[in-house]
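Just so you know, the sequences run in chain order F and G. The working numbering puts the last residue of the first sequence at 424; the count rises by one with no breaks. The working numbering puts the last residue of the second sequence at 1045; the count rises by one with no breaks.
It is worth saying that the hints were derived from the structure and are not from the lab. Just so you know, not all the hints are guaranteed correct.
[As the list claims (entries may be wrong)] The calculated label-pair distances, taken between Cβ atoms and stated as ranges, are:
1. Leu1011/G - Cys292/F: 36 to 46 Å
2. Phe1032/G - Ala191/F: 46 to 56 Å
3. Val1006/G - Ser45/F: 31 to 41 Å
4. Leu1008/G - Pro383/F: 46 to 56 Å
[To be verified] Okay, derived cross-link-like pairs now, EDC-like style, lysine to aspartate or glutamate, Cα gap no bigger than 20 Å in a straight line:
5. Lys288/F - Asp126/F
6. Lys1027/G - Glu18/F
7. Lys419/F - Asp216/F
8. Lys60/F - Glu197/F
9. Lys288/F - Asp413/F
10. Lys1002/G - Glu197/F
11. Lys1027/G - Glu152/F
12. Lys284/F - Asp126/F
13. Lys192/F - Asp126/F
[Said to hold, decoys possible] To spell it out: a stretch of chain F is covered by chain G in this simulated footprint if at least three of its residues, at any positions, have a beta carbon under 8 Å from a beta carbon of chain G; those stretches are:
14. 1–11
15. 253–266
Keep in mind that this is a model prediction, so the values were computed, not measured. C-beta: ideal position from N, C-alpha, C; glycine also.
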Amino acid sequence: MAVHLCIGEVYGFSVFNEPLTRILGITAPTAGADWTIPQVGWIYSIALVMLGLSAAVLGKWVERRGPRCAMLASAACFCGGLLVSALGVAVHQLWLVYLGYGFIGGIGLGLGYIAPVSTLMKWFPDRPGLATGLAIMGFGGGALIGAPLGQELMGVFRSPATTGVAETFIVMAMVYACFMVFGAATVRVPAKGWRPEHAQTKDHVATEARFAVGVDRAWTTPQFWLLWCVLALNVTAGIGILGQASLMCQDMFGVNATVGAGFAGLLSIFNMGGRFLWSSLSDKTGRKAIYCVYFLTGAALYAVLPWTQRTGQHTLFVGVTALIISMYGGGFATIPAYLRDVFGTHQVGAIHGRLITAWSFAALVGPQLVNYLSTARKAAGVPKSEAYHPTLYLMAGVLVIGCICNLLIRPVDVRHHLKEGAVV
Amino acid sequence: MKPLRVALAWLLVSLPLAWGVTRSVQKALPLFQISHTHSTTTPKP
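Required output: the full structure, derived from the provided sequences and hints.
Structural data, given as structure tokens:
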């Protein structure tokens, strides 16, 4: 959790967007010299793409070297990336920020994201959903710490000569390095075949996956690609709200930016809580059933949102979106346990790493889709309050397709299973 | 791991998280005030 709480800071990176556009002008952007919002927006996008790519490419290395080594490498990349970015801000070179936070930091995100997942599942062999929920809950909570910490630090370092962004990056790199090294030093891998005392009975043993599919074989199976679609569609729909939360709330209900920001913060809490609660619940219901709940309930709730706007029911709107976002988080946290059920524990971290590319894909496509549709509607003269309605219905449809993919998932054919001697 | 070390480890991750949650809830409070006072108004176009 210590590692995920740190790398989850990427979700709160938007607090730096506006200050990064006035590094030279300090109080206001200098036209032609300062960076623009679209230029700065690429930092986050590069980081998320690198998260997916590094998790996919380095997943096998993480499995081979173990979580401690991977977490230390993650700390070095993530905090080193922040330091390179600080240098980029200080000398006003955008490519250095892309290289630092985006490329190097993004590798740290990918390594840190997958490092503790398979280890925790080994510690909770009878409750894999709870295990992955615990780990991935931290990533959701990272923005809750990172965003206010970044704002506080910029406030401390702000002066007539600086926006305080470079100094903030340096302090955050040092603080996060301490936390991540603490996480790496604390993590332990249980002995092979270890089981908690309460899970020694035959019933508990029966709930564990007792076969293994190697990562290179796993991603050639239809099950892998169906799960890829499940994650991609779940993320696309969730990001539809999460990425636009503040603006959507302002447009739909005519509230001011402060209230909109409060709404986005509230959703982050539900995003985090849903990761733990829904994923833990999946241990009781089974993974396929819980994803049906995420998709079908989510689709119904998305279809209800335009009605809450038309009838002016703010509180209901907040409640419905919070529930949707909790299930979005739940989808993230449950997927490693689903992978374990389908492919076994053997290389689940590496398989999870390759599946994370679905997130990178959705993180690029989802917000663009929402932006494009709502902007086109506003340009066509539709009132702002109703501009999001087709997008919300589209998201409901996306979730229905996700449900179909989920229902198509069957156990992997035995010919893909590794022979007993091959599982080390 | 000894119980005291486990407790300390949990404290170390819980404290910053609790701070972040508190900050977010404080920021979200105006949302419910708006919801309460404007629940009968029609949305701005």
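Consistency of the hints with the structure:
1. The hint said 36 to 46 Å for the Cβ distance between Leu1011/G and Cys292/F, and at roughly 38 Å that hint holds.
2. Checked against the hint of 46 to 56 Å, the C-beta distance between Phe1032/G and Ala191/F comes to roughly 50 Å, which is consistent with it.
3. Judged by the Cβ atoms, the range 31 to 41 Å given for Val1006/G and Ser45/F holds: they are separated by roughly 39 Å.
4. Between Leu1008/G and Pro383/F the beta carbon distance is about 55 Å. The supplied range of 46 to 56 Å therefore holds.
5. As the CA atoms of Lys288/F and Asp126/F are separated by approximately 17 Å, the hinted pair is consistent with the 20 Å bound.
6. For the given pair, Lys1027/G sits about 19 Å from Glu18/F by alpha-carbon distance, which is consistent with the 20 Å threshold.
7. A C-alpha spacing of about 15 Å is found between Lys419/F and Asp216/F, which places the hinted pair at or below 20 Å, so the restraint holds.
8. Between Lys60/F and Glu197/F the CA atoms are separated by roughly 31 Å; this puts the pair beyond 20 Å, and the hint is violated.
9. A C-alpha spacing of about 18 Å is found between Lys288/F and Asp413/F, which places the hinted pair at or below 20 Å, so the restraint holds.
10. Annotation: proposed proximity of Lys1002/G to Glu197/F holds, straight-line Cα distance about 17 Å (limit 20 Å).
11. Taking the CA atoms of Lys1027/G and Glu152/F, the gap is about 14 Å. The hint holds against a cut of 20 Å.
12. A threshold of 20 Å between alpha carbons decides the hint, and for Lys284/F with Asp126/F the separation of about 11 Å falls inside it, so the pair holds.
13. A distance of roughly 15 Å separates the Cα atoms of Lys192/F and Asp126/F; the hinted pair therefore holds under the 20 Å criterion.
14. Chain G is given as covering the region 1–11 of chain F, and this holds because 3 residues of the stretch bring a CB closer than 8 Å to a CB of that chain, at least three being needed.
15. Against chain G, the region 253–266 of chain F contributes 10 residues with a C-beta closer than 8 Å to a partner C-beta. That satisfies the three-residue criterion, and the hint holds.
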